[in-house]
Amino acid sequence: MNVATRWITALVTALSLACAGGSAFAAPSGTPIRIGSTLALTGPLAATGQVHKIVGEIYVDQLNAKNGLLGRPVEWIVRDDQSKPDLARTLYEQLITVDKVDLIMGPYATGAILSAMGVAQRYDKLLIHHTFGIPNMAKYERHFPTWSLGPEPQVTFPNTLLDALAASPKPPKTIAIVTSKFPSVHFMSLGAREVAKKRGVKEVLFLEWEFGNRDYGPIAARVKEANADFLWVGAIGLEGNQLIEAMKKIDYTPKEQFYMYPAPGPMVKSADANNALAATIFEEHPPFTSNPQAEAFIKVFNERAAKAGLPDTAVDTQAAASYSAWQVLDAAVTATKSLDDKVLANWLKKNQVGTIHGVLRFNGPNNYGDDLMRVKQVQNGRWVVVWPKEVAAPGAKLIVP
Amino acid sequence: MNLPGGTLLGQAVLSGIFIGALYGLLGLGLSLTWGLLGQINLAHFALAFLGAYLTYHLATVGGLDPLVTLALIVPGFFVLGVAMQWLFARFRVSPLNSLLVTFGFTVIVETVIQSVWTADFRRLESAYASVNFRVGTLFVPLPELLTLGIAIALSLGAWAVLRYTDIGRAMRAAAEDAPIAAAFGVDERRLAYLVSGASAALAGAAGLCLALSQTLAPAQIYAWIGVIFAVVMMGGPGRALGPLVAGIVIGVSEAVTMAVTAPSWAPVVSFSLLILLLIARPGRA
Chain D
1 MNVATRWITA LVTALSLACA GGSAFAAPSG TPIRIGSTLA LTGPLAATGQ VHKIVGEIYV
61 DQLNAKNGLL GRPVEWIVRD DQSKPDLART LYEQLITVDK VDLIMGPYAT GAILSAMGVA
121 QRYDKLLIHH TFGIPNMAKY ERHFPTWSLG PEPQVTFPNT LLDALAASPK PPKTIAIVTS
181 KFPSVHFMSL GAREVAKKRG VKEVLFLEWE FGNRDYGPIA ARVKEANADF LWVGAIGLEG
241 NQLIEAMKKI DYTPKEQFYM YPAPGPMVKS ADANNALAAT IFEEHPPFTS NPQAEAFIKV
301 FNERAAKAGL PDTAVDTQAA ASYSAWQVLD AAVTATKSLD DKVLANWLKK NQVGTIHGVL
361 RFNGPNNYGD DLMRVKQVQN GRWVVVWPKE VAAPGAKLIV P
Chain Z
1001 MNLPGGTLLG QAVLSGIFIG ALYGLLGLGL SLTWGLLGQI NLAHFALAFL GAYLTYHLAT
1061 VGGLDPLVTL ALIVPGFFVL GVAMQWLFAR FRVSPLNSLL VTFGFTVIVE TVIQSVWTAD
1121 FRRLESAYAS VNFRVGTLFV PLPELLTLGI AIALSLGAWA VLRYTDIGRA MRAAAEDAPI
1181 AAAFGVDERR LAYLVSGASA ALAGAAGLCL ALSQTLAPAQ IYAWIGVIFA VVMMGGPGRA
1241 LGPLVAGIVI GVSEAVTMAV TAPSWAPVVS FSLLILLLIA RPGRA
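Those protein sequences? They're chains D and Z, same order as listed.
In terms of the working numbering, the first sequence has 63 at position 63, counting the first letter as 1, and numbering is strictly consecutive.
Position in the second sequence (first residue = 1) + 1000 = the working numbering.
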């Protein structure tokens, strides 16, 4: 090889490296893999729907920054189901039959997921979803939940919570259970009644209200009159804050209080919610952040959520379950090197997938695995996991006032 | 069923009066346009929430006292109401079509709110929010007390205008029989602008009360429609004091229901009362 040839070879090599952008991954090429889903981008569930949109965009960007899926770029088609399950059904039908997407990803919230599941079943599509709240209603064999509730969360989670309280310096002897009739929290509250009864915690109040209730004053007054050792609130979204505000107005703070699925941002910012408990699968502290992928995701999510104007930019249950759903899809496609729904579903049933919030398996009843729900508490203006001990924030303990 | 204690019942009644005042205030503008202009203005709810978000914004970003924001919002909304009426008149929108047009306007306002303030929850943290008065064993929160005061003042003011002023008499005459009123020199077109502007301004004032006592989310616009329609129909469209009285009756009934029985029965109360009233007085609405 003469000098000129060596120079030309070196130049071509340098140019090739420059074109690759110095990346360790080859840029994806070929026809994009199209993944279709709907999200509640408007309507009453839009606040959380936006979280799932940001997460999906982050994951797809991360995939395409590497070598996509199977070396092909990924295109995510997301449509607005307006928080309406009936519209979600129509849109999934369109995604499969008109857009002819390769894969589908679940929408947000139980109602829309049930709708999507019906469509997926009709077309034998794999459906990975992130926010389904009533496991015993999910009968389709190719659905895979990444919100790791376990098959019977109405039994397992109240036990986890009462275990935490039983280990505290003041285990509750009486309980007041007040709940919205919103399906995914109502059945948990009914489960909590049974669990409390079995554990010998005396129920001194049980109340139900319709979702969309406007006046929490009388409910707060009844909670105050009952004055139980422990208040279980089957609340979703803003309902928890509304009850806290109503209790504050009559100068009442429960001795210990738990909220099933509160809007995490508003609750952690409320001065009157200090020490309130809630359920979670992920919080922004070790051991969850010990995973490098989780750490990187948190950083990007925080930035993009702030840019999108979300008041609460933290990664918690919603964002973590959503990211985990994409991880599960990625793992199945990568392992099987296939986009065939049957092949992917079979692989998922036989394998476990490591996600940012834990290892998921799908070989239990209705494809549910372990209940990975933990107990978190508002402490000094931030959420920290306090139970079980092995996933508690460093130095954090359950505070019982 | 256990009978509630005196404190519980008293606190529930107070809570019902306060939420009823908010019902009444939200229903006042709707009632006026319905009764005097024959328009069923669904956009009234959107305007009230737009007013609430503007109050939130001016107070949190602009640093204004929430009550001071009324000085900006009320005139602004009056102009908006006049503009809406101009559109209605320009395109000769019928009463039935007004329902559809204003629903469309509501969706547009919801979208605007969501794009500016996002779909996430917003809570106005004002100096009033944490102030409570204690009367015996009962607690009286200041934001709700302000709402009650504003609702009473505006309802009485609207009632007095309609009853004792020439403009009010002209409005009632035009609503009763427009051609005859016109023969007596009543300018129905200009009065319609005034009613529509006043109604929108009332929505702005209701927005202040929403911002003071409620956590805001765009989709909550629709959560109030059913009960406020019940309030307006019970109170009688076009009657200034009707919505306040009906609102308090419904609010207290709901609250006592929640205190005595299961809270999930409360929504049944407002519509049961409305049905009973319509059976007893079929020509009410």
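Everything labelled a hint here was simulated from the structure, so no lab data went into it.
Careful, some of the hints might be misleading.
[As the list claims (entries may be wrong)] Estimated spans, in silico, between C-beta atoms of each pair:
1) D/Ile77 x Z/Phe1133: 54 to 62 Å
2) D/Tyr123 x Z/Leu1278: 30 to 38 Å
3) D/Ile77 x Z/Gly1038: 39 to 47 Å
4) D/Asn136 x Z/Pro1075: 52 to 60 Å
Note that CB positions come from ideal geometry on N, CA and C, so glycine has one too.
Hint check:
1. For D/Ile77 paired with Z/Phe1133, a C-beta distance near 56 Å keeps the hint of 54 to 62 Å intact.
2. Range check, D/Tyr123 to Z/Leu1278: about 48 Å between beta-carbon atoms, so the 30 to 38 Å window is missed.
3. A hinted range of 39 to 47 Å holds for the C-beta pair D/Ile77 and Z/Gly1038, which are about 46 Å apart.
4. Separation of D/Asn136 from Z/Pro1075 is about 56 Å and conforms to the stated range, judged on CB atoms against 52 to 60 Å.
When held up to the earlier numbered hints, the structure conflicts with hint 2 and nothing else.
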